[in-house]
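For the record, the sequence lines run as chains A and B. The numbering of the first sequence is this note's numbering, which starts it at 1 and goes up by one. The numbering of the second sequence is this note's numbering, which starts it at 411 and goes up by one.
Read the hints as simulated data drawn from the structure, not as lab findings. Every residue gets a Cβ at the ideal spot worked out from N, C-alpha and C, and that includes glycine. Treat each hint with caution, since some may be false.
[As the list claims (entries may be wrong)] Residues of chain B clear of chain A, computed beta-carbon distances all greater than 10 Å:
#: 1; residue: A437
#: 2; residue: E543
#: 3; residue: R551
#: 4; residue: L622
#: 5; residue: H626
#: 6; residue: E632
#: 7; residue: R663
#: 8; residue: G666
#: 9; residue: E712
#: 10; residue: R739
#: 11; residue: G743
#: 12; residue: D757
#: 13; residue: S826
#: 14; residue: E833
#: 15; residue: A839
[What the hints assert, rightly or not] So the derived label-pair ranges between C-beta atoms look like this:
#: 16; chain 1: B; residue 1: G666; chain 2: A; residue 2: D157; range: 33 to 41 Å
#: 17; chain 1: B; residue 1: I480; chain 2: A; residue 2: D367; range: 26 to 34 Å
#: 18; chain 1: B; residue 1: L494; chain 2: A; residue 2: R322; range: 41 to 49 Å
#: 19; chain 1: A; residue 1: R257; chain 2: B; residue 2: E833; range: 24 to 32 Å
#: 20; chain 1: B; residue 1: E777; chain 2: A; residue 2: T373; range: 54 to 62 Å
#: 21; chain 1: A; residue 1: D367; chain 2: B; residue 2: A674; range: 35 to 43 Å
#: 22; chain 1: A; residue 1: E352; chain 2: B; residue 2: G688; range: 22 to 30 Å
#: 23; chain 1: B; residue 1: R754; chain 2: A; residue 2: R370; range: 40 to 48 Å
#: 24; chain 1: A; residue 1: A115; chain 2: B; residue 2: V541; range: 47 to 55 Å
#: 25; chain 1: B; residue 1: V541; chain 2: A; residue 2: T234; range: 30 to 38 Å
#: 26; chain 1: A; residue 1: D50; chain 2: B; residue 2: E777; range: 47 to 55 Å
#: 27; chain 1: A; residue 1: D157; chain 2: B; residue 2: G659; range: 54 to 62 Å
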Amino acid sequence: MTALTGLRVVELGSERVAFAAKLLGDMGADVILVEPPGGDPARAYPPFLDDQPGENRSLWWWHYNTSKRGVVIDLDLEEGRERFRQLIASADILLEAEPRQRLAALGLDYDDLSAVRPDLIHVAVTPYGRGDALSDLPATDLTIMAASGPPWSCGYDDHSLPPIRGPMQALHTAQHFAVMSVLTAVLHRGVAGKGQFIDVSMTAACNVTTEAASYSWLVAEQTVQRQTGRHASTRPSGETQQLCADGRYANTGVPPRAPKEFRALLAWLRELGFAEDLPEAVFLEMGANWEGPFELSRLGSDDEVTAIFGAGREALKLIASRLPAQDFFIGCQRAGLAVGVVNSPEEAFEDEHFKARGFQVPLHHDDFDRTITYPGAPYAMRGSPWAISRRAPHLGEHDAEVFGELGETP
Amino acid sequence: MTSEQRNFVAANSPAATSVPSPDGSGALSTFRICDFTGQLAGAGATKWLAALGAEVIRIEDPVRQGRWDILRGGPPYKDGERGLDRGGAFNNHNAGKYGITLNLRDERAKDILARLIEISDVVSENFAKGVLERWGFGYDRMREIRGDIIYVSNCGFGHVGPYSDFKTWGPIVQAVSGLTFTNGLPDREPAGWGYSYMDHTGGYYMAMAILLALVHRQRTGEGQWVDLACTESALALHGPALLDWTVNGRPSRRDGNPHSNRNAWPPMAPHGIYPCMGDDEWVAIACRDDGDWWRLAGLIAEPWCSEPGFAVHAGRVANQDALDTHLERWTSGRGKFDVQERLRAADVPVAAVQKPQERIDLDPSTEGFGLWPTVQHTVMGDVRVDGQPVHFSETDWEYPRAGPCLGEHNEEVLTSLLGFTPEEVATLAEEGVI
Numbered sequence: 001m002t003a004l005t006g007l008r009v010v011e012l013g014s015e016r017v018a019f020a021a022k023l024l025g026d027m028g029a030d031v032i033l034v035e036p037p038g039g040d041p042a043r044a045y046p047p048f049l050d051d052q053p054g055e056n057r058s059l060w061w062w063h064y065n066t067s068k069r070g071v072v073i074d075l076d077l078e079e080g081r082e083r084f085r086q087l088i089a090s091a092d093i094l095l096e097a098e099p100r101q102r103l104a105a106l107g108l109d110y111d112d113l114s115a116v117r118p119d120l121i122h123v124a125v126t127p128y129g130r131g132d133a134l135s136d137l138p139a140t141d142l143t144i145m146a147a148s149g150p151p152w153s154c155g156y157d158d159h160s161l162p163p164i165r166g167p168m169q170a171l172h173t174a175q176h177f178a179v180m181s182v183l184t185a186v187l188h189r190g191v192a193g194k195g196q197f198i199d200v201s202m203t204a205a206c207n208v209t210t211e212a213a214s215y216s217w218l219v220a221e222q223t224v225q226r227q228t229g230r231h232a233s234t235r236p237s238g239e240t241q242q243l244c245a246d247g248r249y250a251n252t253g254v255p256p257r258a259p260k261e262f263r264a265l266l267a268w269l270r271e272l273g274f275a276e277d278l279p280e281a282v283f284l285e286m287g288a289n290w291e292g293p294f295e296l297s298r299l300g301s302d303d304e305v306t307a308i309f310g311a312g313r314e315a316l317k318l319i320a321s322r323l324p325a326q327d328f329f330i331g332c333q334r335a336g337l338a339v340g341v342v343n344s345p346e347e348a349f350e351d352e353h354f355k356a357r358g359f360q361v362p363l364h365h366d367d368f369d370r371t372i373t374y375p376g377a378p379y380a381m382r383g384s385p386w387a388i389s390r391r392a393p394h395l396g397e398h399d400a401e402v403f404g405e406l407g408e409t410p
Numbered sequence: 411m412t413s414e415q416r417n418f419v420a421a422n423s424p425a426a427t428s429v430p431s432p433d434g435s436g437a438l439s440t441f442r443i444c445d446f447t448g449q450l451a452g453a454g455a456t457k458w459l460a461a462l463g464a465e466v467i468r469i470e471d472p473v474r475q476g477r478w479d480i481l482r483g484g485p486p487y488k489d490g491e492r493g494l495d496r497g498g499a500f501n502n503h504n505a506g507k508y509g510i511t512l513n514l515r516d517e518r519a520k521d522i523l524a525r526l527i528e529i530s531d532v533v534s535e536n537f538a539k540g541v542l543e544r545w546g547f548g549y550d551r552m553r554e555i556r557g558d559i560i561y562v563s564n565c566g567f568g569h570v571g572p573y574s575d576f577k578t579w580g581p582i583v584q585a586v587s588g589l590t591f592t593n594g595l596p597d598r599e600p601a602g603w604g605y606s607y608m609d610h611t612g613g614y615y616m617a618m619a620i621l622l623a624l625v626h627r628q629r630t631g632e633g634q635w636v637d638l639a640c641t642e643s644a645l646a647l648h649g650p651a652l653l654d655w656t657v658n659g660r661p662s663r664r665d666g667n668p669h670s671n672r673n674a675w676p677p678m679a680p681h682g683i684y685p686c687m688g689d690d691e692w693v694a695i696a697c698r699d700d701g702d703w704w705r706l707a708g709l710i711a712e713p714w715c716s717e718p719g720f721a722v723h724a725g726r727v728a729n730q731d732a733l734d735t736h737l738e739r740w741t742s743g744r745g746k747f748d749v750q751e752r753l754r755a756a757d758v759p760v761a762a763v764q765k766p767q768e769r770i771d772l773d774p775s776t777e778g779f780g781l782w783p784t785v786q787h788t789v790m791g792d793v794r795v796d797g798q799p800v801h802f803s804e805t806d807w808e809y810p811r812a813g814p815c816l817g818e819h820n821e822e823v824l825t826s827l828l829g830f831t832p833e834e835v836a837t838l839a840e841e842g843v844i
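Sequences are here, hints too, so could you generate the full structure?
Given below as structure tokens:
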């Protein structure tokens, strides 16, 4: 049995809740995606199968709508609203991102729907929450993020270049909170028998997902500044991104700090035959033979400690300049150093580690008679299988099936 | 802290003014978490559970004074005062939890842990692989202690697979999983994410995994082990790009990519972050369609707006470099909040790139949401922390206490849950067990 078998989720189609509903569907919930006549606009989002646009060819749509059945309901018609109420009567959870006052105007907001289904869990995702008129303004992933902090921390040392946003972060982050909220409310309902209304703010979600940028201000009124490839910081930090011999980068993270790390690094340097080329090798050796832990507070003031730590960085730089990024990553990790290769998404996807964990998941598309490889589970739950139970639905594909289950005759 | 003081803190914490549940209990108040998590990737997960009412008992090592968690006594510091119990980030990520110490080198501490596991629903940790096994508390042993225990481990590469012994931090997770690569400008090195996005997000997935396992157990009576690998949670965030690779064979590593302030899925133009008047001031503007563009062009009303190349959506997408040059010139002579106000009035998607002070102290929307509650810390006094970006109509979140000082709740937890007397607890402390 899957974790969510038998739980019915109704999603009012939107890019602001599609991912949350997918995450629940892939864990076994019965997700029914409701689209208006004409379909969800996201059906027209690139990229497309074989680069040919089409209602059922969007790969964006495919990814965010796995494990769902699809129906068409026109909420602007009374007949459609009645059908929607019937659907809600059969549902446990409603996920929606409608304009703030639309559902109330249609007589379909929480107060109306909880009369039909008293223990309904209704989750609304809006840019600023249901209680803030700013939610009525047009907003996109980019503008939501700009308002709420992440881009301020992301970019380059050169501040004449703009801050950078991580694409789709506002959409993803808000929906992570939507899923946490749904599951929390399901547990509470399991104990107390009650549903509830949950108001998720997308800007608030990004605001509390900025690590030191927020708490440096909250605690000490300090402002972090963005830096190339590393954490925004109240004080400049040393570079961590290394260009490797194959033109790819590696992130060296926290440089060596412990004698055993200097020992492993020195041994690796010698094994590669590079020790002669590193003028600072003598300091690396001092680090390797150091007794007890280093006092990090002496960094900068104590010449010896400073030289040893500098030698660690220089050794990594030298090796990186002579090895492909993947080899540098593996070698560093074998020496006990937390270093990472900067992969592109597909390079990560093809990596042996993720393949071995079963992250590549084949799914047969009956509509195009092709087997497509999808990204797999975000968590390996040993007792509750994650699975893509079906491909994304075509527009209205399950009208007859779903409305039939509600007792309607076609 | 006495229980009177504690009640005082709970009653006077501003967070306690967020909507209280009618029966006075949180959504998760029937659950107890035996919590070894730390840093942000783990502590962030159990912070959600604590805020929603779970009893989270965080366990730290008294010998190393909890320093496995590098945030324990780390910056930022309130009023510049340093100390083990003064870590600003630690307090932020651990609000709402109880804190106890156990020296698991000692058999008596192991007995205490076994008794705690027996009365807990979940054991959570984000150590490197193998740490709990070395203490004698692998999943099989935990299951002997409590048959339906839920064990959620969270580490960079997970406990299974060729890289499971590798070490990671947030930036390493982001690098290997493809996230670092996706943020940047063409022909430059990756900008990365500017912070440990995957510590936050790994924590969210860990919270989801714990909640999913609890739902599963509520419905079947079965516990389970969840092997969470932060890199895998991160990789799953590239969905459409990965399908573009597996279906169309198009790699993300290609000329002109990434260009992450632009938007290709769906295409929007103009779409970017543009300079404004002042030092490091920026505004984000996005035109989704013709309507957005016509309203923006009507507002700017300069000759370039009617260039034929910008007349239709496809043209604006194809000519974005030229479009951006014009728009930059227009924004750079104006203040970011001025641009924001004018574009908002014209119904065009816009937002000033807000600095921490602007979004925390000067933005009525975050204050109105109650996003920065104050907790009363035993040593630091009043400190503001990150709240939760949601409100529940029946069982809203709150932080009934601040992040715990090292071993702050030893006596309370050991006496009230495990039946020790205060004298016995004092002896355990003297003998280095707790």
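*asked:* Given a hint of 26 to 34 Å, does the C-beta separation of I480 (chain B) and D367 (chain A) actually sit inside it?
replied: Violated - the Cβ-Cβ distance for I480 (chain B) and D367 (chain A), about 51 Å, lies outside 26 to 34 Å.
*Beyond 10 Å from every chain A Cβ: check whether that's true for D757 (chain B).*
violated, 6 Å
*Beyond 10 Å from chain A, beta-carbon-wise, is E833 (chain B)?*
The assertion about E833 (chain B) holds, with a minimum of 36 Å to chain A.
*Please confirm whether E632 (chain B) is truly not at the interface, meaning its C-beta sits more than 10 Å away from all C-beta atoms of chain A.*
At about 6 Å from chain A, E632 (chain B) fails to clear the 10 Å cut-off, so the statement is violated.
*Quick one: are G666 (chain B) and D157 (chain A) within 33 to 41 Å, going by C-beta?*
23 Å Cβ-Cβ, so the 33 to 41 Å window is violated.
*Taking C-beta pairs only, is S826 (chain B) more than 10 Å away from all of chain A?*
holds, 22 Å
*Taking the closest pair, is the beta carbon of A839 (chain B) still more than 10 Å from chain A?*
Since the minimum Cβ distance to chain A is about 26 Å, A839 (chain B) lies beyond 10 Å and the statement holds.
*C-beta pair D157 (chain A), G659 (chain B): status relative to the range 54 to 62 Å that was hinted*: Hint violated: Cβ distance 35 Å, outside 54 to 62 Å.
*Confirm or reject the claim that A115 (chain A) and V541 (chain B) have a C-beta distance inside 47 to 55 Å.*
Check passed, 52 Å falls within 47 to 55 Å.
*Is it correct that the beta-carbon of E543 (chain B) has no partner in chain A closer than or equal to 10 Å?*
holds, 16 Å
*Should the hint that R257 (chain A) and E833 (chain B) are 24 to 32 Å apart at their CB atoms be regarded as holding?*
violated, 42 Å
*Please confirm whether E712 (chain B) is truly not at the interface, meaning its C-beta sits more than 10 Å away from all C-beta atoms of chain A.*
With a cut-off of 10 Å, E712 (chain B) remains clear of chain A, as the shortest Cβ separation is near 21 Å.
The earlier numbered hints that this structure contradicts are 1, 4, 5, 6, 7, 12, 16, 17, 19, 20, 21, 22, 27.
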